[in-house]
Amino acid sequence: MRIPHLNDLYDAGSRLLLESTVRVGVTGLRRAGKTVFVTALVDNLLKAGRLPFLDVMSSGRFQAARLRPQPDPDVPRFDFEGHLAALIGPDPHWPEPTRGIGQMRVALRYRPDSALKRAVQPVATLNLDLVDYPGEWLLDLPLLRQSFAEWSALTLELAARPPRDELSASWRGWLATIDPMASAEEETARRGAALYTDYLHACRRADTLLSLIQPGRFVEPGDMKDAPLLTFCPLPPAPGRRVAGRGSLWALMEERYEAYKTNVVRRFFSEHFAKLDRQIVLIDVLGALNAGPAGMADMKRALELSLEPFRHGSSGWLDWLLGTKIDRVLFAATKADHIAAHQHAQLRALLDRLVGDARNAIRFEGAQVETMAIAALKCTDSVVTEHEGRQLRCVRGVPVGRDRPTVLFPGEIPEDAEAFPPGRDRPYNFLAFRPPDDLGRDPRGLPHIRVDQALQFLLGDYLL
Amino acid sequence: MTERDSDTRKAAKGWVPPMELELDRAAPVSAEEETALLTGSGDPAELLPAPAAPVRTTRRLGRWLFGALAALVVVALGFDTADLLNRAFATSVVLGVLVALLAATAGIAAVAMLVNELLSLRRLRRIEELRAEAGRLEVEAPGGRADRFAGSLVALYADRRELAPALARVRDHVTDAHDEHEVVRLLDREVLAPLDRAAYQRVLLASRDTAVATALSPAALLDFAVVLWRNLKLVREIASLYGARPGYVGSLRLLRRMLANIAVAGVTESAHHVAVEALGGSLAAAISTRMGQGVINGLLTARVGLTAMHLCRPIAFGTDNRPSLNRIRKELLSVPKQVL
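Sequences listed follow chains A and B, in order. Per my numbering, the first sequence runs over residues 1 to 464. Per my numbering, the second sequence runs over residues 1 to 340.
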């Protein structure tokens with residue numbers, strides 16, 4: 001005999017008590033493929049056909065996944081349907097990149113692994129909240145620790161170095177004409193901020209793929225456009241250790257810098273970052289290789305900065321604020337389908353070298369760190385072809401902007417060596433490929449490379 | 001300057017610049033192996049790597065002695081049979097034909113058995129080779145050999161109907177982007193994990209059987225026989241489950257290797273387990289000697305079974321999925337309660 005009311009009550013109670021939630025932050029520097037990653041991940045979870053390395057799938061305990069309304073009403077929803085339609089529609093193309101934060105919730109139903117849990121609750125639910133935010137916001141977090149003077153010095157030093165020196169010429173020219181200690185004029189501040197913003201935009205557009213862009217809201221202001229919060233820029237220190245007086249330009253900029261820290265960076269930290277349980281950082285290593293040594297160096301620097309929030313324990317500067325609880329961090333080199341499959345190990349090794357120091361520091365603090373070479377959407381096949389008597393492993397796919405497939409040998413990442421051996425200019429040529437046709441017909445979900453292993457690392461222990 | 005140029009050229013000799021190549025001449029990575037994997041056909045012996053030359057230090061004298069004795073026995077048997085036939089024909093033709101038929105049947109059966117044994121030994125060796133290959137792939141990942149390994153493993157289980165869905169899943173999942181390590185892991189999880197569960201169940205059952213039989217049997221000799229028989233049966237069951245289907249010689253060889261293993265290392269990890277077992281055993285023994293013996297015999301059977309699992313599995317157990325004695329021990333300690 002079933003007693004429906006009692007059952008309903010039990011269900012409600014167990015939902016209240018036994019549904020668990022995990023918040024996974026997805027971020028990555030520009031063009032790393034955040035949008036496609038989230039889309040492919042959700043699509044694969046919903047269709048559940050291509051995730052053999054997710055334990056809950058392979059052991060047959062997974063039941064189904066469904067989209068649910070997200071928990072935070074004030075955060076924009078990630079436009080999953082729109083992005084998926086772009087990928088699998090009649091004319092497949094890459095979705096528009098997201099600017100700003102996006103969130104969505106996927107509920108996963110599965111049978112628990114342990115007999116004890118099964119006795120309490122035969123079917124468990126895990127709410128997976130994906131929070132997608134720009135990597136620049138992550139780069140902003142280290143600002144919390146820097147004073148205006150320190151930040152100015154660092155930024156100016158970086159701007160004077162190639163390849164940024166050309167891009168920043170007009171801004172630095174303007175800096176030479178002003179006196180930071182003179183009394184502040186709103187017009188001067190606006191002019192400086194505008195020039196600095198132009199410089200940041202130029203960095204972003206540059207072929208060398210410069211990733212280090214601070215402060216992030218200057219290029220993606222959202223609703224803060226033209227707010228005083230965003231009208232400041234780094235200033236050179238005053239000659240002769242003069243102290244900036246009240247009302248000077250320096251004082252004004254410093255005040256706004258502090259306000260930016262409080263109202264933008266700290267808010268992002270406490271409202272979003274501090275609530276995350278897991279984090280995946282997507283990195284376009286191949287893009288940086290394409291861009292050459294300068295691009296690579298810039299990416300390394302940006303990475304080091306963006307990793308700082310995770311090594312919170314070592315500096316202690318974030319502990320006073322709630323303290324982050326992120327206990328697993330995954331660094332993923334995206335677009336692994338742009339190289340032949342046997343090169344994935346080298347790509348991963350390269351990423352390992354890029355994040356090596358930070359990784360040890362994070363591990364020392366007790367969080368788990370992993371690196372992987374992944375592709376959210378596999379657009380190519382690995383093929384073998386002959387060239388001058390040698391067997392070359394290449395990739396075959398349709399490049400963006402063309403109709404016919406091509407076979408590309410993109411260059412090989414050397415093992416245990418410098419990524420840029422001396423004497424070879426442009427050793428790499430990674431093309432962007434189009435999403436394959438007819439993706440929508442496959443009931444198993446979007447094809448990918450190692451997204452299931454990424455999921456297993458990020459969620460595996462929640463799905464036991 | 002010129003020196004540097006020549007250096008560059010030298011370095012560039014084996015180097016190919018990035019470029020686009022002709023579409024028609026490109027072939028998918030390892031096409032033949034992949035089709036072999038897909039159809040599950042292809043001679044498994046062909047797919048397998050060439051077996052490494054066996055490195056064995058046999059006691060040669062012993063071998064000579066054994067061989068000579070065996071030959072003597074065969075010759076003696078032959079003489080006796082011929083003698084017997086002669087005498088039978090001398091007595092009566094009917095009796096002679098009867099004896100001749102008997103002798104022929106015995107001879108044919110013996111040859112058939114021999115062939116069977118040899119085949120089973122080959123199957124066992126194939127599993128051992130597969131395990132070695134899997135270990136190599138895990139460590140080296142030389143590129144392009146995963147499909148071959150998958151092909152031979154799939155061929156090993158091709159005629160097992162209950163494994164067909166798992167094999168189909170593996171075929172479905174493996175793409176050209178997976179490396180050796182991942183393919184081995186995938187096979188391990190999709191194909192072998194269900195077999196592990198089944199094997200573990202059998203071990204559990206067998207160890208409970210021996211425990212109960214020992215506890216209830218009236219004579220020591222009887223329970224010795226039961227334990228021996230049950231262990232042999234268990235080993236053969238497990239070996240068949242993993243695809244070895246051993247004959248008598250194969251089982252004996254397995255048993256011999258297992259005895260060595262059990263004596264040297266124990267099934268799971270360490271002396272710690274032995275201590276706990278002894279403790280558990282003595283606790284049970286305090287309740288009743290017979291029960292204690294039953295539990296100890298059960299544990300022994302369990303260790304034999306688990307060792308058989310280790311030896312028959314085409315991919316060695318990793319650290320996370322190795323079967324443990326713990327559950328069996330708990331189960332066994334509840335046997336006295338069940339029997340009483």
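No lab work stands behind these hints, which were simulated from the structure alone. Just so we're clear, the structure is a prediction, and the values are computed from it rather than from any experiment. Heads up, the beta-carbon is just placed ideally off N, CA and C, and yes, glycines get one too. Check the hints yourself; a few may be wrong.
Unchecked claim - Here are some, though not all, of the chain B residues that point toward chain A, as calculated from beta-carbon distances under 8 Å: (1) M19; (2) E22; (3) R253; (4) R256.
Said to hold, decoys possible - Stretches of chain A that chain B covers, calculated by requiring three or more beta carbons in the stretch to come under 8 Å of a beta carbon on chain B: (5) 342-353; (6) 395-406.
Against the structure, the hints come out as follows:
1. M19: holds, 6 Å
2. E22: holds, 7 Å
3. R253: violated, 33 Å
4. R256: violated, 35 Å
5. 342-353: Holds, because 3 residues of the region 342-353 of chain A bring their Cβ atoms closer than 8 Å to Cβ atoms of chain B.
6. 395-406: holds (count 4)
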